[in-house]
Amino acid sequence: MDGLQVPMEHVLGLASLLFAMGLTGLMVRRNILFVLMSLEVMLNAGALAFVSAGAHWGQPDGQVVFMLILTVAAAEVSVGLGLVLQVQRRFQTLDVDNATRLRG
Amino acid sequence: MSGVNWWAIAPLLVLSGGAVLLMLLVAARRDTPLSWITTALILAAAALSCLPAREAIPQAVTPLLMADSYALFFTALFAICGLVTVIVSHEYLGERHGENEEFFLLVLLSTLGAVTLAYANHFVALLLGMELMGVSLYALIGYPDKLELPLEAAIKYLVLSAAASITFVFGFALLYAAVGVLDYPGIGAALASADNPVLLASAAMIVAGLGYKLSVVPFHMWTPDVYEGAPAPITGFLAAVSKGAIFAALLRWWMASGLYELPGLLTLVALVAGASMLVGNLLALLQDNIKRVLAYSSIAHMGYLLIVLVACGLVADPHLAKEAAAYYLVAYSLTSLAAFTLLGLLSRASGSKELASLDDLTGLFWRQPGLSLLFTVALLSLAGIPLTAGFVGKFYLFSAGVAGSLWGLLALLVIGSAIGLYYYLRMVYRMTLAGDAQPAAVERPGWPARLTCYGLVLAMLYLGIVPGPLMEILRTIL
Numbered sequence: 001m002d003g004l005q006v007p008m009e010h011v012l013g014l015a016s017l018l019f020a021m022g023l024t025g026l027m028v029r030r031n032i033l034f035v036l037m038s039l040e041v042m043l044n045a046g047a048l049a050f051v052s053a054g055a056h057w058g059q060p061d062g063q064v065v066f067m068l069i070l071t072v073a074a075a076e077v078s079v080g081l082g083l084v085l086q087v088q089r090r091f092q093t094l095d096v097d098n099a100t101r102l103r104g
Numbered sequence: 001m002s003g004v005n006w007w008a009i010a011p012l013l014v015l016s017g018g019a020v021l022l023m024l025l026v027a028a029r030r031d032t033p034l035s036w037i038t039t040a041l042i043l044a045a046a047a048l049s050c051l052p053a054r055e056a057i058p059q060a061v062t063p064l065l066m067a068d069s070y071a072l073f074f075t076a077l078f079a080i081c082g083l084v085t086v087i088v089s090h091e092y093l094g095e096r097h098g099e100n101e102e103f104f105l106l107v108l109l110s111t112l113g114a115v116t117l118a119y120a121n122h123f124v125a126l127l128l129g130m131e132l133m134g135v136s137l138y139a140l141i142g143y144p145d146k147l148e149l150p151l152e153a154a155i156k157y158l159v160l161s162a163a164a165s166i167t168f169v170f171g172f173a174l175l176y177a178a179v180g181v182l183d184y185p186g187i188g189a190a191l192a193s194a195d196n197p198v199l200l201a202s203a204a205m206i207v208a209g210l211g212y213k214l215s216v217v218p219f220h221m222w223t224p225d226v227y228e229g230a231p232a233p234i235t236g237f238l239a240a241v242s243k244g245a246i247f248a249a250l251l252r253w254w255m256a257s258g259l260y261e262l263p264g265l266l267t268l269v270a271l272v273a274g275a276s277m278l279v280g281n282l283l284a285l286l287q288d289n290i291k292r293v294l295a296y297s298s299i300a301h302m303g304y305l306l307i308v309l310v311a312c313g314l315v316a317d318p319h320l321a322k323e324a325a326a327y328y329l330v331a332y333s334l335t336s337l338a339a340f341t342l343l344g345l346l347s348r349a350s351g352s353k354e355l356a357s358l359d360d361l362t363g364l365f366w367r368q369p370g371l372s373l374l375f376t377v378a379l380l381s382l383a384g385i386p387l388t389a390g391f392v393g394k395f396y397l398f399s400a401g402v403a404g405s406l407w408g409l410l411a412l413l414v415i416g417s418a419i420g421l422y423y424y425l426r427m428v429y430r431m432t433l434a435g436d437a438q439p440a441a442v443e444r445p446g447w448p449a450r451l452t453c454y455g456l457v458l459a460m461l462y463l464g465i466v467p468g469p470l471m472e473i474l475r476t477i478l
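Order-wise, the sequence lines are chains C and B.
Residue 38 in our numbering sits at position 38 of the first sequence, and the numbers go up by one each step.
Residue 247 in our numbering sits at position 247 of the second sequence, and the numbers go up by one each step.
Think of the hints as simulated: they come from the structure by calculation, not from any bench.
Careful: at least some of the hints might be erroneous.
Here are the simulated SDA-like pairs of lysine to any residue, each with C-alpha atoms no more than 25 angstroms apart in a straight line [unchecked claim]:
no., chain 1, residue 1, chain 2, residue 2
1, B, Lys156, C, Leu14
2, B, Lys156, B, Leu64
3, B, Lys156, C, Pro7
4, B, Lys156, B, Leu199
5, B, Lys146, C, Thr93
6, B, Lys156, C, Val11
7, B, Lys156, C, Asp61
8, B, Lys156, B, Thr32
9, B, Lys146, C, Arg89
10, B, Lys156, C, Gln86
11, B, Lys156, C, Thr93
12, B, Lys156, C, Leu18
13, B, Lys146, B, Tyr260
14, B, Lys156, C, Val51
15, B, Lys156, C, Leu81
16, B, Lys156, C, Gly13
17, B, Lys156, C, His10
18, B, Lys156, C, Gln5
19, B, Lys146, C, Val41
20, B, Lys146, B, Leu282
21, B, Lys146, C, Leu18
22, B, Lys156, C, Gln88
23, B, Lys156, C, Val64
Given the structure is predicted, the values throughout are model-derived calculations rather than measurements.
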């Protein structure tokens, strides 16, 4: 087992990179579908960090949390996509810049 | 799992069983009054089931949940707030066309999430509760799907709340990588000896994630927009239950893991608290929309509450701080729920449009004397005027701050309250001005909603005039 293991620091570095990519996408993308995808990337970065930390400590907890995060992501996306449909119907566009009736 | 006394988690079982029941009911028969009454009964049963549950505590139900008097106290509070929301939403939804049954189901699920947070003693329970509450709220905010504002508010809340949860999850993953445990007591024990640079990043991300959820400065930008766009009863629910539950969960973690012993974290929280009190109150001055004023004032209120977390680290006995937080949360939940409920009822009573700008308040006293009077009491309680619950809550916070010698934060609390007094009284003043002479066709809200409002306002006055009994309860259970 120990010969095959990737050091935790490398995986955490990768996860941080993924998280940063997701966050950048969240901030620069204007299309609501891409915003949701960026959120998924960020969430999976967190899940990856949990798995690697669990492997580091030799506990199953990391993978259990990973399963939980998958479930949470599915719930979040299903509601998100429902709202995307409504946005398309109401505003005829998926560009979030068009939805600016609320200040701020 | 053998040896677990199931009574200890009776409220959770009632709520989750009730949610399944209600879903089946809606599938079998679409009937809004029926599902409305069922939801109200389930929430009342959940609040009442805290009484027999007292016999079974304290008890750890799996490592995830901790059933103790703290959990039961907040469970009862959130169930009652959910009940109030359900009762008044029926009035608010009123003649809305389309299918309204799921609205109540979503309130039920969101309350279940809040109750899970009150019980949470482990990262997994914390995440589950937070997401259950949050995801139901996205749908609730966007429920009036024929309108543009709620939809936009829902999208905003979805993106920002999800980003906050994810930041929190990532922060917790780093924490797990550093200490190797996920339950609160274990984290406390491991943090006492840990020294890892990763912890710094993890703390920053966790503070940011929870800060978004509590809408404290500098993570507050979403609050006014979402408050403005959401239907009024849901805004009340968001302000009272969602923030209250996150704070209750945070307070438990703070105590169980002894996080208040980390000086760096204390400084960070103190900075956030000070900024929230100042920025929240100052920006509230500039608003001309009632819901936005209340939104900014809620940012300030969260800042006041954070004083408690700082005080925990500096007083000899953190129990006083815990007591103060619990009292303040009760007072704040009841008050904000009452304020938004009455705002919703007032808007409906004075025509179909939402009461939006401060100008709409002009002369309201002469058109709607009863409801306006109740709304005034709620505003005074938010401002912290004596004889209301808000005053006693603030006084409690103040004494916790004095015990911890937090003079800087206390000064900001006083300044913030003074500014707050101005914008709350400005609203009251607007209502007393002479408005249109002829009263518009007045539509009285139904008796369940009116009764609930009277109940909320009476509770606020009772807690303000006779604070002793609740203090006594808090002292014995916390």
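Do the hints match the structure? See the list:
| no. | hint | in the structure |
| --- | --- | --- |
| 1 | B/Lys156 <-> C/Leu14 | violated, 29 angstroms |
| 2 | B/Lys156 <-> B/Leu64 | violated, 31 angstroms |
| 3 | B/Lys156 <-> C/Pro7 | violated, 38 angstroms |
| 4 | B/Lys156 <-> B/Leu199 | violated, 30 angstroms |
| 5 | B/Lys146 <-> C/Thr93 | holds, 16 angstroms |
| 6 | B/Lys156 <-> C/Val11 | violated, 32 angstroms |
| 7 | B/Lys156 <-> C/Asp61 | violated, 32 angstroms |
| 8 | B/Lys156 <-> B/Thr32 | violated, 29 angstroms |
| 9 | B/Lys146 <-> C/Arg89 | holds, 10 angstroms |
| 10 | B/Lys156 <-> C/Gln86 | holds, 14 angstroms |
| 11 | B/Lys156 <-> C/Thr93 | holds, 16 angstroms |
| 12 | B/Lys156 <-> C/Leu18 | holds, 23 angstroms |
| 13 | B/Lys146 <-> B/Tyr260 | violated, 47 angstroms |
| 14 | B/Lys156 <-> C/Val51 | violated, 30 angstroms |
| 15 | B/Lys156 <-> C/Leu81 | holds, 14 angstroms |
| 16 | B/Lys156 <-> C/Gly13 | violated, 30 angstroms |
| 17 | B/Lys156 <-> C/His10 | violated, 34 angstroms |
| 18 | B/Lys156 <-> C/Gln5 | violated, 41 angstroms |
| 19 | B/Lys146 <-> C/Val41 | violated, 31 angstroms |
| 20 | B/Lys146 <-> B/Leu282 | violated, 34 angstroms |
| 21 | B/Lys146 <-> C/Leu18 | violated, 37 angstroms |
| 22 | B/Lys156 <-> C/Gln88 | holds, 15 angstroms |
| 23 | B/Lys156 <-> C/Val64 | violated, 30 angstroms |
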